[in-house]
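With the hints as your guide, set chain L onto chain W.
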Amino acid sequence: MEIPQAAGIGLRTAHLAAFAAEDSPTAPWLEIHSETFLCDGGPRLAMLDAVVAQYPLSCHGVGLSLGSADGLDPAHLARLKKLFARVQPGLISEHLAWSSTGGAYLNDLLPLPYTERVLDIVAANVAAAQDSFGRRILVENPSAYIAFADETMGEAKFLTRLVERTGCGILLDINNVYVSAANTGGDAAAYLRALPTMAISEIHLAGHSVANGMLIDTHDARVSDAVWALYADTIARIGARPTLIEWDRDVPEISVLLGEAHAAQVILDQRAGGRPHAA
Amino acid sequence: MPLELRDMQSRFRAAVLGSGDGALGALLRADENIAARVAVHRHTVRRSLVEVLAAAYPVSRRIVGEAIFAQLADRFVVAAPPSVPQLSAYGGAFAAFIAHADIGQRLPYLADVARLEWARAEAYFAADAPALDFARLAALPPEDIETTRLHLHPASRLVASAFPIQRIWQVNQPEVAAVPEIDLGVAETVIITRKDHHVATRAIAAGDRAFLTAIANGGTLGEAADSAVRIAAAFDLRHALRDHFIAGTFRDDAQQSLT
Numbered sequence: 024m025e026i027p028q029a030a031g032i033g034l035r036t037a038h039l040a041a042f043a044a045e046d047s048p049t050a051p052w053l054e055i056h057s058e059t060f061l062c063d064g065g066p067r068l069a070m071l072d073a074v075v076a077q078y079p080l081s082c083h084g085v086g087l088s089l090g091s092a093d094g095l096d097p098a099h100l101a102r103l104k105k106l107f108a109r110v111q112p113g114l115i116s117e118h119l120a121w122s123s124t125g126g127a128y129l130n131d132l133l134p135l136p137y138t139e140r141v142l143d144i145v146a147a148n149v150a151a152a153q154d155s156f157g158r159r160i161l162v163e164n165p166s167a168y169i170a171f172a173d174e175t176m177g178e179a180k181f182l183t184r185l186v187e188r189t190g191c192g193i194l195l196d197i198n199n200v201y202v203s204a205a206n207t208g209g210d211a212a213a214y215l216r217a218l219p220t221m222a223i224s225e226i227h228l229a230g231h232s233v234a235n236g237m238l239i240d241t242h243d244a245r246v247s248d249a250v251w252a253l254y255a256d257t258i259a260r261i262g263a264r265p266t267l268i269e270w271d272r273d274v275p276e277i278s279v280l281l282g283e284a285h286a287a288q289v290i291l292d293q294r295a296g297g298r299p300h301a302a
Numbered sequence: 206m207p208l209e210l211r212d213m214q215s216r217f218r219a220a221v222l223g224s225g226d227g228a229l230g231a232l233l234r235a236d237e238n239i240a241a242r243v244a245v246h247r248h249t250v251r252r253s254l255v256e257v258l259a260a261a262y263p264v265s266r267r268i269v270g271e272a273i274f275a276q277l278a279d280r281f282v283v284a285a286p287p288s289v290p291q292l293s294a295y296g297g298a299f300a301a302f303i304a305h306a307d308i309g310q311r312l313p314y315l316a317d318v319a320r321l322e323w324a325r326a327e328a329y330f331a332a333d334a335p336a337l338d339f340a341r342l343a344a345l346p347p348e349d350i351e352t353t354r355l356h357l358h359p360a361s362r363l364v365a366s367a368f369p370i371q372r373i374w375q376v377n378q379p380e381v382a383a384v385p386e387i388d389l390g391v392a393e394t395v396i397i398t399r400k401d402h403h404v405a406t407r408a409i410a411a412g413d414r415a416f417l418t419a420i421a422n423g424g425t426l427g428e429a430a431d432s433a434v435r436i437a438a439a440f441d442l443r444h445a446l447r448d449h450f451i452a453g454t455f456r457d458d459a460q461q462s463l464t
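Top line first, the protein sequences correspond to chains W and L. Every number in my numbering is 23 more than the matching position in the first sequence, counting from 1. Every number in my numbering is 205 more than the matching position in the second sequence, counting from 1.
Keep in mind that the hints were calculated from the coordinates and are not lab data. Hints may contain errors.
[Said to hold, decoys possible] Pair ranges (Cβ atoms, derived): (1) L:375 / W:49: 51 to 61 angstroms; (2) W:156 / L:410: 42 to 52 angstroms; (3) L:402 / W:126: 27 to 37 angstroms; (4) W:37 / L:335: 48 to 58 angstroms.
Quick caveat, the model's predicted, so the values are computed rather than measured. Positions of the beta carbon are idealized from the N, C-alpha and C atoms, including for glycine.
Pulled out of the complex, with its shape left as it was, chain W reads as follows (with noise of 0.2 angstroms):
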């Protein structure tokens, strides 16, 4: 089913039961990760069917290692080409960044150093996995701690070319640009001007917290003040995007989950020029 342009909430496994039922919450849409659902079976998958007969789905990858010199895994790719014929999903999302390397995957989305010939090689990647797919896929900006010592553009261009070269989508992480900008001493709104406004496809809200002079992107709080301005401009400027509000550690209630969303569709709202929201 399609993604409205609306805003949805990440469906994390503590809530599946709730979205699974018959008098499960209203929201306009759900997103998922799908390296979650890559079981043979069981309860999770029986659950995921019933949350696809009443809510259009996004499927958001965090294991693909799109940024992986060793290339994709055939294996993985064919595991969720399986989920997402399963589920039909909206839209399909990954990172900028990787997670695999000689064999071990990492849990973490890694950061890639922005040259030349990593782009040749992250272009190849994305154009495997849309190839394999048979779609076209976002690829979402990461969160920075690091820079390296030898980049030769920044992620705003890398990401403009990224695009240029493989047809992909951007999913605009606003927590993400902002976090980055302060870890690595960038501009935020001048990077947010610098995407491709076309190409920008879904926009993720998610919470951070502040560790070691640093912001960490734990997506385990609410929304901040400063990342609901850079969306109320973007939303201004690009018009709306289907938004979602991810929230990974200390889960809270579902209500509190829509509260948030209910934020980001006022702000929706008053781009479509005060018209309600269509339920």
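Coordinates of chain L only, in the frame set by chain W:
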């Protein structure tokens, strides 16, 4: 010198699975805070994978305590990180790791309890299949019953131990506040089954163990019953089958004949 991506990624792996930024630091933009920056990733990698193991092994964790478990799990993560991005499949080798660790030597039942926990995790995520019921077996001509071959359901797991692993598992559930004394001299074999999306764990007698082992090895119903009776003269086939049909131990191959 151009940065080789594969080289960077292997340095990064060494840095997050090791303790310093080592060879990675040379590739990063100069900064007084490099160690703390790399540590953000080390922390995410290690903590998230320890949490995956904690979710799969809640009873083992309760037995050894949170701090010792975290230490043990972290050593496992460093020694054997996941090979595929599918965390429901990560941690099957943890029981063997426990068996060789000091804590596994001090608590000789711990590795078997961990095997039970992993079997439960596997059962939860195993493929769906219809369970064989009594009516289907009863519909067979009586002369075919002996030569019928049953198949374990994809979610069924048999775990044998020299320790009372089912009892240990039971008394270490969250709702049990005070763990009672347990006689560790009792050997238990456990059958894990899944029915209606619920994973159940049940200790079985020696005869039933021989029966299920024979079936798992491809024996006919007659052969399996014979192995059971050799171990336990009082083995009651009807009784055993009834319990297994209730639990959903066997798979119903609707397309295949049972013989």
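Hint check:
Take residue 375 of chain L and residue 49 of chain W: their Cβ atoms lie about 40 angstroms apart, and the range 51 to 61 angstroms is violated. As the Cβ distance of residue 156 of chain W to residue 410 of chain L is approximately 51 angstroms, the hint placing it in 42 to 52 angstroms holds. A hinted range of 27 to 37 angstroms holds for the C-beta pair residue 402 of chain L and residue 126 of chain W, which are about 33 angstroms apart. For residue 37 of chain W and residue 335 of chain L, the hinted distance range of 48 to 58 angstroms is not satisfied, since their beta carbons lie about 30 angstroms from each other.
Hint compliance for this structure: hints 1 and 4 are broken, all remaining hints hold.
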